[in-house]
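Engineer: Construct the complete structure from the given sequences, taking the supplied hints into account.
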Amino acid sequence: MEKTPHIDTPIPSERTGSLFLLRHSWLIHVLVWAIFFSFPFVMISTRTHQTISWDTYLRFTIGLVAMMVVFYANYSFLVEHFLFKKKIWGFLLYNLLLITVVSLLMHLAMEMLPHSIDAMQAERIPPPPRNRVEQGFWNMRMLFGNMTRFVFTAMLGTLFQVTRSWYRVEAARKELEQNRTQAELQNLKSQLNPHFLFNTLNNIYSQIAFSPEKAQESVHELSRLLRYVMYDSSQPFVALESELAFVHNYVELMRIRLPEHVEVKTFIEADTPQAKIAPLLFISLVENAFKHGVSNSHPSFIGINIHQVGDEITCTIINSYYPKETDKDKSGSGIGLSNLRKRLTLLYPHSHTFTYGKEGDNYRAYLSITLHRN
Numbered sequence: 083m084e085k086t087p088h089i090d091t092p093i094p095s096e097r098t099g100s101l102f103l104l105r106h107s108w109l110i111h112v113l114v115w116a117i118f119f120s121f122p123f124v125m126i127s128t129r130t131h132q133t134i135s136w137d138t139y140l141r142f143t144i145g146l147v148a149m150m151v152v153f154y155a156n157y158s159f160l161v162e163h164f165l166f167k168k169k170i171w172g173f174l175l176y177n178l179l180l181i182t183v184v185s186l187l188m189h190l191a192m193e194m195l196p197h198s199i200d201a202m203q204a205e206r207i208p209p210p211p212r213n214r215v216e217q218g219f220w221n222m223r224m225l226f227g228n229m230t231r232f233v234f235t236a237m238l239g240t241l242f243q244v245t246r247s248w249y250r251v252e253a254a255r256k257e258l259e260q261n262r263t264q265a266e267l268q269n270l271k272s273q274l275n276p277h278f279l280f281n282t283l284n285n286i287y288s289q290i291a292f293s294p295e296k297a298q299e300s301v302h303e304l305s306r307l308l309r310y311v312m313y314d315s316s317q318p319f320v321a322l323e324s325e326l327a328f329v330h331n332y333v334e335l336m337r338i339r340l341p342e343h344v345e346v347k348t349f350i351e352a353d354t355p356q357a358k359i360a361p362l363l364f365i366s367l368v369e370n371a372f373k374h375g376v377s378n379s380h381p382s383f384i385g386i387n388i389h390q391v392g393d394e395i396t397c398t399i400i401n402s403y404y405p406k407e408t409d410k411d412k413s414g415s416g417i418g419l420s421n422l423r424k425r426l427t428l429l430y431p432h433s434h435t436f437t438y439g440k441e442g443d444n445y446r447a448y449l450s451i452t453l454h455r456n
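Note that this note's numbering has the sequence shown beginning at 83, numbered continuously upward.
Hints listed in this document are in silico derivations from the structure and should not be mistaken for laboratory results.
A few of these clues could be false.
[Unchecked claim] Here are the computed lysine to any residue pairs in the SDA-like style, where the Cα-Cα straight-line distance is at most 25 Å:
| no. | residue 1 | residue 2 |
| --- | --- | --- |
| 1 | Lys256 | Trp108 |
| 2 | Lys168 | Pro294 |
| 3 | Lys168 | Ser247 |
| 4 | Lys424 | Glu259 |
| 5 | Lys168 | Glu252 |
| 6 | Lys424 | His330 |
| 7 | Lys169 | Thr182 |
| 8 | Lys169 | Glu259 |
| 9 | Lys169 | Trp248 |
| 10 | Lys424 | Phe319 |
| 11 | Lys347 | Arg337 |
| 12 | Lys168 | His189 |
| 13 | Lys169 | Val251 |
| 14 | Lys424 | Glu342 |
| 15 | Lys406 | His432 |
| 16 | Lys168 | Arg250 |
| 17 | Lys440 | Pro355 |
| 18 | Lys167 | Ala155 |
| 19 | Lys256 | Thr245 |
| 20 | Lys347 | Arg446 |
| 21 | Lys167 | Leu146 |
| 22 | Lys167 | Leu187 |
| 23 | Lys347 | Ile400 |
| 24 | Lys256 | His432 |
| 25 | Lys347 | Gln317 |
| 26 | Lys347 | Gly385 |
| 27 | Lys424 | Tyr310 |
| 28 | Lys167 | Tyr310 |
[Stated by the list, open to error] Derived DEER-like restraints, expressed as beta-carbon distance ranges:
| no. | residue 1 | residue 2 | range |
| --- | --- | --- | --- |
| 29 | Val244 | Phe349 | 52 to 62 Å |
| 30 | Ser324 | Arg250 | 33 to 43 Å |
| 31 | Met150 | Glu323 | 17 to 27 Å |
| 32 | Asp314 | Glu351 | 12 to 22 Å |
| 33 | Arg455 | Arg250 | 21 to 31 Å |
| 34 | Leu109 | Glu257 | 48 to 58 Å |
| 35 | Val244 | Arg306 | 52 to 62 Å |
| 36 | Pro341 | Glu257 | 32 to 42 Å |
Glycine is no exception: its CB is placed at the ideal position from the N, C-alpha and C atoms.
Structural biologist: Printed below as a string of structure tokens:
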């Protein structure tokens with residue numbers, strides 16, 4: 083029975099905002115593009131006596147559609163089929179080809195439209211060229227400006243897809259880890275039930291020879307405990323009052339077989355009895371106290387203090403120390419404490435403190451848990 087401390091401090095639970103964005107990403111896309119398409123009307127509405135022509139809005143729409151082509155070509159195809167497969171050069175070449183073609187098509191489409199300039203365009207479009215040389219420079223300037231815009235659009239589409247894929251992988255990893263944790267918890271609980279039954283039946287068996295009446299009473303108490311172990315504790319979390327009642331009933335069952343020189347004191351209370359807690363967390367510590375704290379011939383004592391204040395519940399057990407010899411102790415004492423450590427790590431990984439070990443002539447176990455809020 084070595085001293086094995088395990089101390090953790092609580093940290094805030096993870097936020098679920100990223101999961102919401104992942105599941106509703108299409109809504110985000112619709113909202114963002116709707117804002118972009120309405121942008122000219124919003125801008126012109128802030129200015130008095132100015133309007134936007136349909137010719138100007140058509141040009142604006144062609145530009146946005148071209149951006150959407152570049153964005154979703156990267157978001158829906160190029161990133162997944164080239165970048166994620168480490169085909170970097172293919173990804174860059176296809177993007178260069180895409181941006182060049184879209185820029186040329188957009189430029190040709192703009193040239194086919196009438197060249198009317200309204201108040202909104204007049205502020206950002208330079209005056210028309212006066213000769214062919216200026217026309218050439220003007221075309222190159224517009225083409226280069228469009229290509230630069232599409233490069234940033236391609237980068238944005240790539241960033242969105244990489245981020246989305248990372249969230250998907252992370253969500254899948256967490257789901258797999260959660261399933262693994264649930265399976266491990268179920269396995270630990272299945273180990274705990276026969277371990278508890280074995281120890282209790284062993285105590286009742288020792289009563290049969292010298293006190294059949296007490297043995298009969300113990301069987302009745304055991305049936306109540308087993309109902310909790312087999313049925314109520316099958317839930318991930320139970321009401322705190324049910325868990326504490328189970329501990330109290332177990333202590334009363336153990337009292338039946340104890341000789342008069344063993345003193346047992348208990349203090350068990352909860353501020354919020356309906357608070358939720360994982361089942362069967364305290365029973366291993368209580369069992370351990372009765373197995374190693376009682377002598378058949380020497381004065382012995384067991385003190386059990388379990389109380390809850392706010393979100394924190396603490397269990398302190400101090401008992402006299404009469405350790406059983408390892409090769410003679412078949413009760414599986416080590417199983418219970420090892421099982422408890424694993425369950426605490428899985429259920430309350432950053433919100434529990436667990437220490438136990440010898441203190442002077444006595445033995446002390448301490449468990450503090452910060453309960454999950456409902």
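Engineer: Hints first: check each against the structure and report whether it holds.
Structural biologist: To see whether the hints hold, each was checked on the structure:
The straight-line distance between the Cα atoms of Lys256 and Trp108 is roughly 23 Å, inside the 25 Å bound, and the hint therefore holds. For the given pair, Lys168 sits about 77 Å from Pro294 by alpha-carbon distance, which is inconsistent with the 25 Å threshold. Restraint check for Lys168 and Ser247: satisfied, since their Cα atoms lie roughly 15 Å apart, inside the 25 Å limit. Among the hinted pairs, Lys424 with Glu259 is consistent with the structure: their alpha-carbon atoms are about 15 Å apart, no more than 25 Å.
For the proposed pair Lys168 and Glu252, the alpha carbon gap of about 20 Å is at most 25 Å, so the pair holds. A C-alpha spacing of about 24 Å is found between Lys424 and His330, which places the hinted pair at or below 25 Å, so the restraint holds. At most 25 Å may separate the alpha-carbon atoms for a hinted pair to count; Lys169 and Thr182 meet this at roughly 20 Å. As the CA atoms of Lys169 and Glu259 are separated by approximately 31 Å, the hinted pair breaks the 25 Å bound.
A distance of roughly 19 Å separates the Cα atoms of Lys169 and Trp248; the hinted pair therefore holds under the 25 Å criterion. A threshold of 25 Å between alpha carbons decides the hint, and for Lys424 with Phe319 the separation of about 16 Å falls inside it, so the pair holds. Simply put, Lys347 and Arg337 have alpha-carbon atoms about 11 Å apart, close enough for the 25 Å limit, and the pair holds. Taking the CA atoms of Lys168 and His189, the gap is about 33 Å. The hint is violated against a cut of 25 Å.
Between Lys169 and Val251, the direct Cα distance comes to roughly 20 Å. Compliance with the 25 Å bound is thereby established for this hinted pair. At roughly 36 Å between alpha-carbon atoms, Lys424 and Glu342 are farther apart than 25 Å, so this suggested pair is violated. Simply put, Lys406 and His432 have alpha-carbon atoms about 33 Å apart, too far for the 25 Å limit, and the pair is violated. A threshold of 25 Å between alpha carbons decides the hint, and for Lys168 with Arg250 the separation of about 19 Å falls inside it, so the pair holds.
Only pairs whose Cα atoms come within 25 Å are accepted, and Lys440 paired with Pro355 is rejected, the gap being roughly 32 Å. A hinted pair counts as satisfied when its Cα atoms are at most 25 Å apart, and Lys167 with Ala155 qualifies at roughly 16 Å. The straight-line distance between the Cα atoms of Lys256 and Thr245 is roughly 16 Å, inside the 25 Å bound, and the hint therefore holds. Between Lys347 and Arg446, the direct Cα distance comes to roughly 14 Å. Compliance with the 25 Å bound is thereby established for this hinted pair.
For the suggested pair Lys167 and Leu146, the alpha carbons sit about 29 Å apart, so the restraint of at most 25 Å is broken. As the CA atoms of Lys167 and Leu187 are separated by approximately 30 Å, the hinted pair breaks the 25 Å bound. In summary, the hint linking Lys347 to Ile400 is supported, as the alpha carbons are separated by about 10 Å, within the 25 Å threshold. Taking the CA atoms of Lys256 and His432, the gap is near 17 Å; set against the 25 Å cutoff, the hint holds.
At roughly 30 Å between alpha-carbon atoms, Lys347 and Gln317 are farther apart than 25 Å, so this suggested pair is violated. Restraint check for Lys347 and Gly385: satisfied, since their Cα atoms lie roughly 5 Å apart, inside the 25 Å limit. At roughly 21 Å between alpha-carbon atoms, Lys424 and Tyr310 fall within 25 Å of each other, so this suggested pair holds. Taken as a hint, the Lys167 and Tyr310 pair is broken in the structure, with Cα atoms around 54 Å apart against an allowance of 25 Å.
For Val244 paired with Phe349, a C-beta distance near 57 Å keeps the hint of 52 to 62 Å intact. In this structure, Ser324 and Arg250 meet the distance hint of 33 to 43 Å, their C-beta atoms being roughly 40 Å apart. Judged by the Cβ atoms, the range 17 to 27 Å given for Met150 and Glu323 is violated: they are separated by roughly 59 Å. For the pair Asp314 and Glu351, the beta carbons lie near 20 Å from each other, so the given range of 12 to 22 Å is met.
For the pair Arg455 and Arg250, the supplied restraint of 21 to 31 Å holds, since their beta-carbon distance comes to about 29 Å. Here the CB-CB span from Leu109 to Glu257 is close to 22 Å, at odds with the stated 48 to 58 Å. One distance hint, 52 to 62 Å for the beta-carbon pair Val244 and Arg306, holds here, with the actual separation near 58 Å. Judged by the Cβ atoms, the range 32 to 42 Å given for Pro341 and Glu257 is violated: they are separated by roughly 53 Å.
Checked against the numbered hints listed earlier, the structure breaks hints 2, 8, 12, 14, 15, 17, 21, 22, 25, 28, 31, 34, 36; every other hint is satisfied.
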